[in-house]
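Peer 1: Order-wise, the sequence lines are chains A and B. Its first residue numbered 1, the first sequence is counted upward by one per residue in full-length UniProt numbering. Its first residue numbered 1, the second sequence is counted upward by one per residue in full-length UniProt numbering.
Just to be clear, a hint being listed does not mean it is correct.
To be verified - Sample of chain A residues at the chain B side, in silico, Cβ under 10 Å: (1) Pro16; (2) Leu21; (3) Leu22; (4) Ile137; (5) Asn142; (6) Glu147; (7) Leu181; (8) Tyr245; (9) Leu247; (10) Leu292.
As the list claims (entries may be wrong) - List time: in silico PhoX-like cross-link candidates among lysine-lysine, alpha-carbon distance up to 25 Å: (11) A:Lys249 with A:Lys270; (12) A:Lys270 with A:Lys54; (13) B:Lys109 with A:Lys54; (14) B:Lys109 with A:Lys270.
No lab work stands behind these hints, which were simulated from the structure alone. Just so it is clear, CB atoms sit at the ideal spot from N, CA and C, and this is done for glycine as well.
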Amino acid sequence: MSSHSKAPPLRRREYPYALFLLPGALAFLAVIVVPFLMNAGISLTHWQGVGSPKWAGLANYRDLLDDSAFWESFRHSLAMVVAMAVLPTALGLVLAAALFDYIAKHIGTRTASVLRACFYLPQVLPIAVAGIVWSWILAPENGALNEALGTVGLGSLRQDWLGDPDFALYSVMAVMVWVQLGFPLVVFMAGLQRADPSLHEAAELDGASWWRRFWHVTLPQIRPEIYVVLLWCTIAALKVFGAVYVLTKGGPGGATNVPSYFSFQSFFEKTQVGYGSAVSTALTVIILALALVALRLQTRAEDR
Amino acid sequence: MVLPFLVVALNAVKSPADYSAHGPLSLPEGIHLDGLRDFWQRVDFGRKLFNSALISGSVAVLAALLSVLNAYAIGIGRVRGRPWVLAFFVLANMLPQEALVYPVYYLSKQVGLYDTRLSVIIVFTVIQSAFGTYLLSSVLGAFPREVIEAARIDGATKWQVLWRVVVPVSRPTIGVLLVFFFIWTWNEFLLPLVMLISNDNQTVSVALGVLQGQRLMDATMTNAAALLGVLPAFCFFLIFQRTLTRGIAMGAVK
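Bound conformation, chain A alone:
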């Protein structure tokens, strides 16, 4: 692939392709690189956002290691990875294959696209709106879920879904599965449309079961999409902020706090800017390390 660089067929004096990267590079420098380096720099200081920062070396990071609230928020990130990457990808694959091979063929493509649209709808919604909808549904008094449980005679299951430390994290996770599922579904269905149908038909003629065709024909064909989706969803899960802000504000008692909300609190509520920067820098290091691993895996899979 990379040995493909040929000289252009006609020799002309012309600007190099790299010139097309210039606007992007300058914009990235101003918006990403400089702020990012500043953030890393601030993390080595004690600073309240006003006055001049006081050099602190690695003190913020040492505090971080001993801060059980931070570690708890970090554990919640892993729960978010399950809710936003693992479950939606797995469910999205099965649903996409079912919609594509079964519903579209036996019931109609129109039904399949309407169903796809329904699954995708939560993705189009501002997370703040999803937050309003769900915090009302999950409300302890007069919430739609508790009312529904009461109506069908399961009133004993009523809970303060977002206010009880034992349930809050699971409630947020459930909401995130609902929010996230549409993204993998749409990407996978697009991938399936691109895939060669004759392979699938050949396997069907050979008598392969639906599950075997799914596993041996469908999955390998959309492997690039699966990597992309898993990668982006995991990153999104580690960065999740809005949902926590609108659903629980990290509560009750930190039961749903996540690093991004933790750093937001440090920046703008506690005005411990240095400490907040240390949290966000640590989070960045973790995310970038994961991203590098994922990218490597992806390149290796593409080279095979």
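Following the hints, put chain B in place on chain A, whose structure we already have.
Peer 2: Chain B in isolation, oriented as in the chain A frame:
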């Protein structure tokens, strides 16, 4: 998946008395639009819609443009060190916004862009184009070389090849990017929450999120707010749905 929306729509048109008498699951006794109207006026919702549309639309177009330029150099031009350039863009997009938010907040205050929609447009153009660069580069990497070489032999410059060959052929992917950029920017929360302090500049997302945080609303107004938040997203979705499907179909035909 759509059930929560139906329940919200039902309760958004109930009167508060109806709601407290029959709870959230009954059908409304009549259509009662006061909750919607009160909420609309209370947050100046028209203004928020305009802000969201302005910001998201600008970002979608500018970010798509930037993505095309970047991806052309990487995917077609195969610039030297291309894996590193690509990795840089990908990693830039994966940075948590928390690692940028305080410096961006601070710097924008220094240059007088704090609490302007322009500041948010600039920041999201760059962030979204990182994803666009990543996706388009891989699409353009598989672009049929013969087509480009044929155009070059016919004497087209790189700039002409980009606009007359690559962009038209890649239109489905670019369309998908525009849709995703628009939706993502519309839904962004953290940076707009920090950057857009004044009521006049806030987006729909921020306005609803802030209100929700304050928990000042009764149940019917909450539902009215939710319905008004859902509706524009729903309308855009209906429009975009066609673009998405058309793009996917064109990509399949090629």
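Peer 1: Would you mind marking each hint as holding or not holding in the structure?
Peer 2: Quick rundown of the hints versus the structure:
1. Pro16: 8 Å, holds
2. Leu21: Holds, because the Cβ-Cβ distance from A:Leu21 to chain B comes to roughly 5 Å (cut-off 10 Å).
3. Leu22: 8 Å, holds
4. Ile137: Holds: closest Cβ of chain B sits about 6 Å from A:Ile137, inside 10 Å.
5. Asn142: 6 Å, holds
6. Glu147: 5 Å, holds
7. Leu181: Holds: closest Cβ of chain B sits about 8 Å from A:Leu181, inside 10 Å.
8. Tyr245: 6 Å, holds
9. Leu247: 9 Å, holds
10. Leu292: 8 Å, holds
11. A:Lys249 with A:Lys270: Cα-Cα ~14 Å, so holds.
12. A:Lys270 with A:Lys54: 17 Å, holds
13. B:Lys109 with A:Lys54: The given pair, whose Cα atoms are some 21 Å apart, holds under the 25 Å limit.
14. B:Lys109 with A:Lys270: 20 Å, holds
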